[in-house]
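Chains as they are written, first to last, in our numbering: chain X, 1 to 328; chain L, 1001 to 1268; chain H, 2001 to 2268; chain W, 3001 to 3313; chain R, 4001 to 4306.
It is worth saying that the hints were derived from the structure and are not from the lab.
All values derive from a computational prediction rather than experimental measurement.
Quick reminder that beta carbons are idealized off the backbone N, C-alpha and C, glycines included.
Take the hints with a grain of salt, since some may be wrong.
[Unchecked claim] Derived CB-CB ranges, DEER-like:
1) L:Glu1143 to W:Ile3032: 48 to 56 Å
2) W:Leu3250 to X:Thr142: 16 to 24 Å
3) W:Trp3125 to R:Val4039: 38 to 46 Å
4) R:Asn4031 to L:Asp1147: 20 to 28 Å
5) W:Leu3039 to R:Glu4077: 34 to 42 Å
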Amino acid sequence: AGGGTDTSTEAPEGETAEAPAEGGGDLSGSIAIDGSSTVFPVSEAMAEEFMAANPGTQVTVGTSGTGGGFEKFCNGETQVSNASRIIEADEIAACEEAGIEFIEIPIAQDALTVVVNPENDWAECMTIEQLSTMWAPEAQDTVTNWNQVDPSFPDAPLALYGPGTDSGTFDYFTDVVNGEEGASRGDYTSSEDDNVIVQGVVGDPNAIGYFGYAFFEANSDSLKAVQIDGGEGCVSPSVETVLDGSYTPFSRPLFIYVSAAALEEPHVRGFVDFYLDAANASLVEEVGYVPLGDELTPLVQARVENGTTGSAFADAPEEASIPEILAQ
Amino acid sequence: MQTNPSTAVGAGTTFHVAQANYYYGSFLAVSNVNLDIPERKITAFIGPSGCGKSTVLRCFNRLNDLIPGAHVEGTIQYRGVDLYDKSVDATELRRRIGMVFQKPNPFPKSIYENIAFGARINGYKGDMDELVERSLRKAALWEEVKDKLKESGLSISGGQQQRLCIARAIAIEPEVLLMDEPCSALDPISTLRVEDLMHELKEQFTIVIVTHNMQQASRVSDMTAFYNAQATEKGGKQGYLVEYAPTQTIFNNPAQQATQDYVSGRFG
Amino acid sequence: MQTNPSTAVGAGTTFHVAQANYYYGSFLAVSNVNLDIPERKITAFIGPSGCGKSTVLRCFNRLNDLIPGAHVEGTIQYRGVDLYDKSVDATELRRRIGMVFQKPNPFPKSIYENIAFGARINGYKGDMDELVERSLRKAALWEEVKDKLKESGLSISGGQQQRLCIARAIAIEPEVLLMDEPCSALDPISTLRVEDLMHELKEQFTIVIVTHNMQQASRVSDMTAFYNAQATEKGGKQGYLVEYAPTQTIFNNPAQQATQDYVSGRFG
Amino acid sequence: MTTSQLPDSPQNSGLWQPNRQLSKSMELLAKIVFGAFGLVSIATTIGIVLTLIFETFLFFQEVPIWNFLTDTQWTPLFTNSQYGIIVLISATFLTSFIALIVAMPMGILAAVCLSEYAPSGLRKWLKPALEILAGVPTVVFGYFALFFVSPILETFVPGLRPFNGLSAGIVLGIAILPTIASLSEDAIYAVPQSLRQGSYALGATKRETVTNVVLPAALSGIVASFILGIARAVGETMIVTIAAGQNPRLTLDPRVPIQTMTSFIVQVAKGDAPTGSIEFITIFAVGMTLFLITLVLNAFSFWFVGRFREKYE
Amino acid sequence: MTATDPNAFSQSSSAEQHFSSDLSGRYRLDNIFRIASWVATVTALVVLAFLLIDVLIDGIPRLDWQFITSFPSRSAERAGILAPLVGTIWLLFVTALFAFPIGVGAGIFLEEFAGDNLFARILEVNIGNLAAVPSIIYGLLGLAVFVRVFLPITGGRTVFSAGLTLALLILPVIIVATREALRAVPSSLRQAGMALGATRWQTVREHVLPQAFPGILTGTILALSRAIGETAPLIVIGAQTFVPFVPSFRGTGFSALPIQIFNWVGRPQAEFHVNAAAGIIVLMIVLVAMNATAIYLRNRFQAEKM
Ligand SMILES: Nc1ncnc2c1ncn2[C@@H]1O[C@H](COP(=O)(O)OP(=O)(O)OP(=O)(O)O)[C@@H](O)[C@H]1O
Ligand SMILES: Nc1ncnc2c1ncn2[C@@H]1O[C@H](COP(=O)(O)OP(=O)(O)OP(=O)(O)O)[C@@H](O)[C@H]1O
Ligand SMILES: [Mg+2]
Ligand SMILES: [Mg+2]
């Protein structure tokens, strides 16, 4: 494990099964985190264990949304910002104006999962094109039946469920499926609360919906995940398929953005190191996300080590893969 | 019908009260009242403040029903029917027994509506405008308000308000009119008009009036009941009927010393 | 001091009213009032309902200030000081000019507190219990309430409430007592007591009383002002002062026919 | 202010030493302090307008006000952005209207029940219980609408979708019911007993007394409670966000998912849109619109109450 | 109730020909009305009972001492509600501390002192309007004013700032309720007080306000009940979801019950939904405790009525 340069973060590995890695630290200070509610569970888990290991620290985590998080972050009110999407140009500018330099740190991956009712025996595996047929803006009011998506599908009404239009999940899905963020038909049932989408799909044999992997995992006994054919055959969403890169194109990174100035404080640095410690990857899985894995972790740690500021993802070309971006 | 013929009294009696005790909760406010209120006569209740005149009066139209805990023991009959009998409908009873209160209490509605309300709920079939005018005229108020019938009943002076309440009561043509110090807020001219009105109504209706004005009692009434109150051990005050007799007798030749004392403190 | 010596009146005059017009908003309720209310005398206001007696009375302690739009034109002086002068403090004025209202309005507090309140806010330094007892005695109420001073002022009968209000007013030892039909809710015995009290207070205080009871006016008052009202073109009613003279004159030998008509409609 | 000009009176003994200056100053102080408290609400409004106006201005630089008012689609977060505010307004009106249909009659009836029918011992318990209903977190109401009311309605309302304006509106009505019931009850309770007696003495039944005398006498308080209730219905966020869906569409059909102004605002404010982006500043324009709409509603109801207020003194 | 007999009395009055009231019809309407009013009341209570029972069934098993005294956690079993509970109590305290005096004071000013002028009218429309502003906009206002402008006083994203924001939010309700309560006090009481030489303020303080107090308390209860359940403005202000310590008045980092509940409800794992139910129970208990206090006061003051 790549501990920080601070002596205080050097700690023996794996104290208990319950609280993995690093402990007995004597760091002190407080860290304010805010931002995406999607990333919240990861940060919460990290904060909880980090504080257990360093009783002198106080970490708070808020959920005011990626946008709200960045606003506070660039206003100097938080040291760490949770983000379910890449920071945008306006936000970079705002941070710059306030003199806040940040380091962009991918911390986990989410497998965007398309789900159907368990009774659905036809949509076992779907291609991006098929999904696009369903979800494209043009489909509005015209594609209303499963057999319009694929003639082999039954003659059954199509019931679409999806997350709220102001979520990173929606942006990511529309980007991948319809080629542009925010390009979607509007006549589907949407909710801010993914549990509601779960309920909708569970209650309707003809339903199809999408959300983050965690919601599928928690409801895997009452939902069925659709395999995705991204061009290389059908792949089910799982930690393994995300880690080995085969679950494309629906795996997406989740981020924290850390203020470069704050990172110089030992307790913030300690927290980030703790966050990226491979020994703590189990925490990420515990809350339903996919850890970075052996390939990405060192790349990310290197960014922290080198203090690379700015957003690599924002500058990266569309089709670049995560390792490629990070390797830059 | 449960009416017991043996207790029914002659046609000349509107209310027959025998051995009635009036309670508020456990507090005995007025005890042992015996009265026969004659039909088409005016009966006055006089007595010092707090002796229970209003209490006795309010039972005649069962308005005491509205006060939690208020109840009566003994016999109170209206035209031979026990007022508190189950078969008696309090609403219908109150239609027939009109009431005017001590403090003017017009409804917060237009003057017109104040009068029309009672008529409407009681299914008045005639011309409403005409009824309103007639009632206001009888109450000696028409001239003063005829141009502002649409204005609120609260926008007129206290005396006018009281006359409005009288107009409201007589609009539904009751058989009996209970008046609890109806003139205490009126000037003499209005008072005289109301007294004239009472004399007029007396041709048809029975009237019971509570008054502090001895002159009024002696002037208008045929019968007078004098109530008094005595202190009880518990420190409260208990009212009782001292004497009930023709007004002449009460004022000139009362049987009781207390009555004599009270009426001789009279004015003029 | 802005008092103009030429308009100042003799020591014998408590209120000097000259060419006063009383308005509610743009409505001229009472017009052209001229009065000199003598000190340590009882002045009675009589007249039909709505003629503005209460209005004139309420201006003496500037209680009309509370009614939005109410205002007065003309001269109203209290002991030579213009009542509506800026330098006059209405609060202090009201302490010196007590008032009793037409409808009893005790505070919803204990009987004791009803009396003690005025004394307390006016910085009474003496023995409060003693003051309460003395005031209640003067108002002929002590015997009835001495055992329930802690009970609510609303728990007693209407007549008792009114006497409580009188006790409350005299407790603060005013110089003038304004009474707006104080006895309309009282029985004769209480009324007589209050009248006796007025005679007693008259030794020290100026009293102005509005009454509908002609007997009361003739019995208690030294001076009487008779108001009347006439219909205006707009359909409203405008009050005016008809005649102001010693009570004897008003009742026996009035200058105006209207006065004669009014007082001859009197009782008895 | 100078001291009183009133001449000393002979009987003014030393027992009376009122400190007029003090009580005058106290009154002035109370006036100033309370006036300042009143100004807090003005300051709040100014603050809200200032908070909204800047971004609203930016918004209208990007989106022509004409489009804002006339478009019939609301898709600010989609690629083909359209900004027809009428879509959100119609949804807000729809849910609020349904809420009022539920809450006004029920609120008044409950208020009447409490003050006129319930025995006073029971009233003591019923009223607080109702008020607790006002404190149930609106999130709970939202899920109640979604998971309980909608399925029930589904059984007899054909074509009802899981998210719909109907169940959101009904539950919204239940949520504002305590506000209406409780404040109306206070007003009804304050109507003097003498008015009721006057009515009964005319031979009116209880209902006739209540509907013809008591309710009109309490009208001012009842209307005030309505205004608060309407205000809350229009401004309520979580219930409609959870239960009415998030689909902005121009319809008065209560059976389909819709999006209200508040639910749009909360969606964006808590979502992932960057602050300062056109998507984000849209909420300020929506907030401003909502503000103006309620202003008009209030001015109207103010006028209405002024016309019908009766004093029963 | 036995059938009534409208003809229990002899017919003697000429009135009979003019009045023909359908008594049984009127009583039927009366009954319908009475039943309707009970139905309305009971329906509301049934909804409340249903919500409560539903929540209780879900949440009671989870509700133990450990739950009350623990901090949030990624694991639902270890998670507790201490920080948001303390945060909510703080918030109630701060909100009531500011909203009650300011709201009642403004109500008194408008009803007793302001008279009927343009200023008063503007104020009145303005207050009605504020009541309809969605809470999240108050959040934006609070963020701009209390968190940022008043940073030195409030300490930024603190309970203090959030409490002030909620106070602004509920102010209109308290003001309106105060005014209605004052308006219901007969003006004869004011006249009586002032005729004794009391200033308006003395009269209001000693006689009018006590009469109006029950109504004012009702409004305050309703308003605080609303404040206690608010989520959106707190999140904007900067309430946190994960607060592993007991928040202090001016310390950054606080949470509140609805925020924690909302977060748990939105989690994928069903165990967190149970936590949410337990959290709602805790919230309701706080609410009931608060109501009980106010009701006790109200019943004490309502004893004396004109
Ligand atoms: N609603 C009530 N509850 C309890 N006691 C009452 C009630 N109304 C009156 N009393 C009491 O009953 C007694 C009789 O009161 P009542 O009003 O009948 O007297 P009254 O003769 O009409 O007096 P007044 O001339 O002052 O009107 C009094 O002692 C009074 O305190
Ligand atoms: N607050 C008010 N606002 C407007 N007009 C009023 C007000 N008070 C009284 N008036 C009007 O002023 C006139 C005089 O009223 P006032 O009460 O002085 O008469 P009054 O002589 O005292 O009558 P009453 O004997 O019935 O008490 C009446 O026409 C009345 O309608
Ligand atoms: Mg009486
Ligand atoms: Mg008068």
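Results of checking the hints against the structure:
Take Glu1143 of chain L and Ile3032 of chain W: their Cβ atoms lie about 50 Å apart, and the range 48 to 56 Å holds. A C-beta distance of roughly 19 Å is found between Leu3250 of chain W and Thr142 of chain X, which places it inside the suggested range of 16 to 24 Å. Between Trp3125 of chain W and Val4039 of chain R, the C-beta spacing of about 18 Å breaks the proposed range 38 to 46 Å. One distance hint, 20 to 28 Å for the beta-carbon pair Asn4031 of chain R and Asp1147 of chain L, is violated here, with the actual separation near 42 Å.
A hinted range of 34 to 42 Å for the beta carbons of Leu3039 of chain W and Glu4077 of chain R is inconsistent with their spacing of about 51 Å.
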